[in-house]
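Undergrad: What follows is each chain in one-letter form.
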Amino acid sequence: MADFLSMYSIQHWLESCPQGYLAGTAYGHGPDEREPALVLENDLLREQAIGATVQLVVGERCALAASSGLVNAAPDEASKRFLATQTLDEARHVEIFSQRLLDLGVKKGEMEDTIREHANPNLVRFAEVLLEKVDRKDFVAGVVGQNIVLEGMAFSVFEMMQAAMQEVNPKFAHTLSGTIADERRHVGFGENRIGSLIAEHPEKKPEIERMQKEMSYWMLATFADRFRNLSAREEIRKLRSELSGYGSAPAKWQGADLSALEPAEMERLLADTVLKEFKTRLGRIGIEYQTPARP
Amino acid sequence: MVDPLERKADEAPRQRFLLEETDFDEVPPKYRRFYRRRKGPGDPLGPNEVVCPVCKVVIRSTRELREGDRVYCMPCMSRLVVVRADDGTLEARVAY
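Line order of the protein sequences matches chains W and V. Residue numbers 1 to 295, in this note's numbering, belong to the letters of the first sequence in order. Residue numbers 1 to 96, in this note's numbering, belong to the letters of the second sequence in order.
In isolation and in its complexed conformation, chain V is listed as follows (with noise of 0.2 Å):
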């Protein structure tokens, strides 16, 4: 068995999330709660929150996002891709 200190982040176990309903009306009503508008840059990304870099909504999920996660952009029918950036965020890059 591992020992849980040394185990890697991208081997633990996700956080999860209950996601609450936001103000984002641009989808169908049950998926609504997936979506967010991004109040500025000033506004902070939860672990379970990227940016379309294309439509700038941001995207949330039910559990803590990682490198490789596959998101659906709903509001502009973007598949994205989610990477570490050079600042050791996550961002989202299109999959064509």
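Pulled out of the complex, with its shape left as it was, chain W reads as follows (with noise of 0.2 Å):
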């Protein structure tokens, strides 16, 4: 266990991180990477954007608060020490969207306003449901909340942005990169600390099944909020058809091309991704996946 516990070095942080693929990036892209012309013209297209980034910026904001609370919770210093990474990780994502939001033409002074009228009331709820087991310093609980489900969100939900960005925004599509390699540390984390720790407290899951059960309804809520209320449909589409690079090549996610599916299928796509991996990564650590409700 020591030899285990010893992988979660700031060390081995820095050398894979900041001084790994964030070297020489700035707010998560390269230097000279700007949003496309399109969309920061296009009222629509940017109103869009500027929708989908407040729910990053609202969702890094739970994990922040989560995985920062998490710290003192630890049972040992090594965790201790990779949550006061990840936590640097969650603010650094919580700043790279922030910075999305003022390159896309959001003023400093409306940020708050802006990201409380954005901000999916659905989100929130899934938020709330793991920052009440972070405040009652309940580790296993908080860790399997933060680290397996909303980072396993997260995680599909980061590739499959960013495969749909790779060709038309490669800005944002390395900004997403980033998160990528960061949400690999994260749920690395969740199972392999977890899964040594539920052992050790079976009576723990009646209660964390119930937790899985509750944030996954309100993850797919927030899906459907996402994709079913898409006004202007038709319009979005082609406008996007338009950016510079769109067709070049397949946006491919899980043997899927994005561009080519409706809104319906590529909510159908993300929720069967997400909660198959929820599924998978229970099982592993001895946890049974409950099916939530479909809203």
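Don't read these hints as lab results, they were simulated from the structure. Some clues are possibly wrong.
Said to hold, decoys possible - Covered by chain W, according to a simulated footprint, are these stretches of chain V (three or more residues, beta-carbon under 8 Å):
1) 18-28
2) 58-64
3) 76-83
Unchecked claim - In the SDA-like style, the derived pairs of lysine to any residue whose C-alpha atoms are separated by at most 20 Å in a straight line are:
4) V:Lys30 to W:Pro18
5) W:Lys171 to V:Phe24
6) W:Lys252 to V:Leu45
7) W:Lys279 to V:Arg93
8) W:Lys276 to V:Gly40
9) W:Lys252 to V:Pro41
10) W:Lys279 to V:Tyr96
11) V:Lys56 to W:Leu275
12) V:Lys39 to W:His174
13) W:Lys279 to V:Glu91
14) V:Lys56 to W:Gly195
Given the structure is predicted, the values throughout are model-derived calculations rather than measurements. Positions of the beta carbon are idealized from the N, C-alpha and C atoms, including for glycine.
Each chain sits in its own coordinate frame; assemble them with the hints.
TA: So this is what it looks like as structure tokens:
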């Protein structure tokens, strides 16, 4: 166990992350990269980009509150150190996605109002379920909620967005690549650390399973809102096809070409991928996946 | 001496592989050639490769992998054991 925990060192984080894939970047992307001109010039595309980015800021603010709150609840020094690095990762994510809002033309003084206006209430409920466990200093439930459920969701959402953005918005795609790399460590910690702790605390399982079911429901409700309430869908699709790089290569994710999918198909693909991942990850650490209600 | 044709596959000498650099940059430079990103489900795995079930990165070895081998996924810090899946392919399982 001692050797296993020693992997969670600040030195490893420094060499992999700030001195590794983040070296030479500014807010997670190449210093010269910019948002596509069409996104900045067209109100519809800009508004859609702001709406999507606000959800990322909300999710990352939750992750920041959760990981920092779990530092003092961790049962060992190595886990505290890992969660300290994760706290910095999450703070960086909050910063880079907030910076994207500024890049999209949101004024500094209007940032909080913009976030309040666009934040999906279902995503806020999702965060509240997790933060309640963190507030109670429940380390095992907190890490499952944060590093398996929240991070598992973020991992798939970021991967899908990154695949969709790769050709049409390299700046945002690069920003997402760095967050995906961070998420790998976070889900790894969730599984590896909790995999051993859950065996020591089997009495925690029913409560954790209830939490996963509830968080999964609010996650699906968030997806439903985003994909089903797309006003001016056809116009957005047409505008996107005018973006430089569109169609130069298929936006492949999970074997599907994202640019060819209807919103309902995209919602189903994302929801199924995330839930399947939850089931597999939870099964590996001995927790029985609970099927959530479908909104 | 055992006839080489009768020798079990697991006893045969392992193939060796020269690992070229990949564009994987999520670990310190000296370890980067041991990992690569998987380009979708259709991306074939070599006999020296296995997918990390936790973070989906492909782990690469300088020698052919076999059942029972232990591998380490540095990007997500998972310790893994190579097992044979039901379909006969090799896959990695997490060792907690």
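Undergrad: Starting from W:Lys279, check that the Cα of V:Tyr96 is at most 20 Å away, please.
TA: Given pair W:Lys279, V:Tyr96 holds - Cα atoms ~17 Å apart, limit 20 Å.
Undergrad: For the pair supplied as a hint, V:Lys30 and W:Pro18, is the alpha-carbon distance within the 20 Å limit?
TA: Holds: V:Lys30 and W:Pro18 sit about 16 Å apart, inside 20 Å.
Undergrad: Compare the distance between the alpha carbons of W:Lys279 and V:Arg93 with 20 Å, and conclude whether the hinted pair is satisfied.
TA: Holds: W:Lys279 and V:Arg93 sit about 15 Å apart, inside 20 Å.
Undergrad: Is the Cα-Cα distance between V:Lys39 and W:His174 20 Å or less?
TA: Holds, at roughly 17 Å.
Undergrad: Holds or violated: are the alpha carbons of W:Lys171 and V:Phe24 at most 20 Å from each other?
TA: holds, 18 Å
Undergrad: Below or equal to 20 Å on CA atoms is what counts here, so check V:Lys56 against W:Gly195.
TA: Holds. V:Lys56 to W:Gly195 sits at ~18 Å (cutoff 20 Å).
Undergrad: Residue count check for the stretch 76-83 of chain V against chain W: does it reach three with CB-CB under 8 Å?
TA: holds (count 4)
Undergrad: With a cut-off of 20 Å on the C-alpha distance, tell me whether W:Lys279 and V:Glu91 pass.
TA: holds, 18 Å
Undergrad: Are the Cα positions of W:Lys276 and V:Gly40 separated by 20 Å at most?
TA: Holds, because 17 Å separates the two Cα atoms, which is no more than 20 Å.
Undergrad: Within the stretch 58-64 of chain V, is the number of residues with a Cβ closer than 8 Å to a Cβ of chain W three or more?
TA: violated (count 0)
Undergrad: Mind checking the alpha carbons of W:Lys252 and V:Pro41 for me, to see if they're no more than 20 Å apart?
TA: holds, 11 Å
Undergrad: Would you check chain W against the stretch 18-28 of chain V, counting CB to CB pairs closer than 8 Å, and say if three or more residues qualify?
TA: It holds, with 4 qualifying residues against the three required.
Hint 2 from the list above is the single one not met by this structure.
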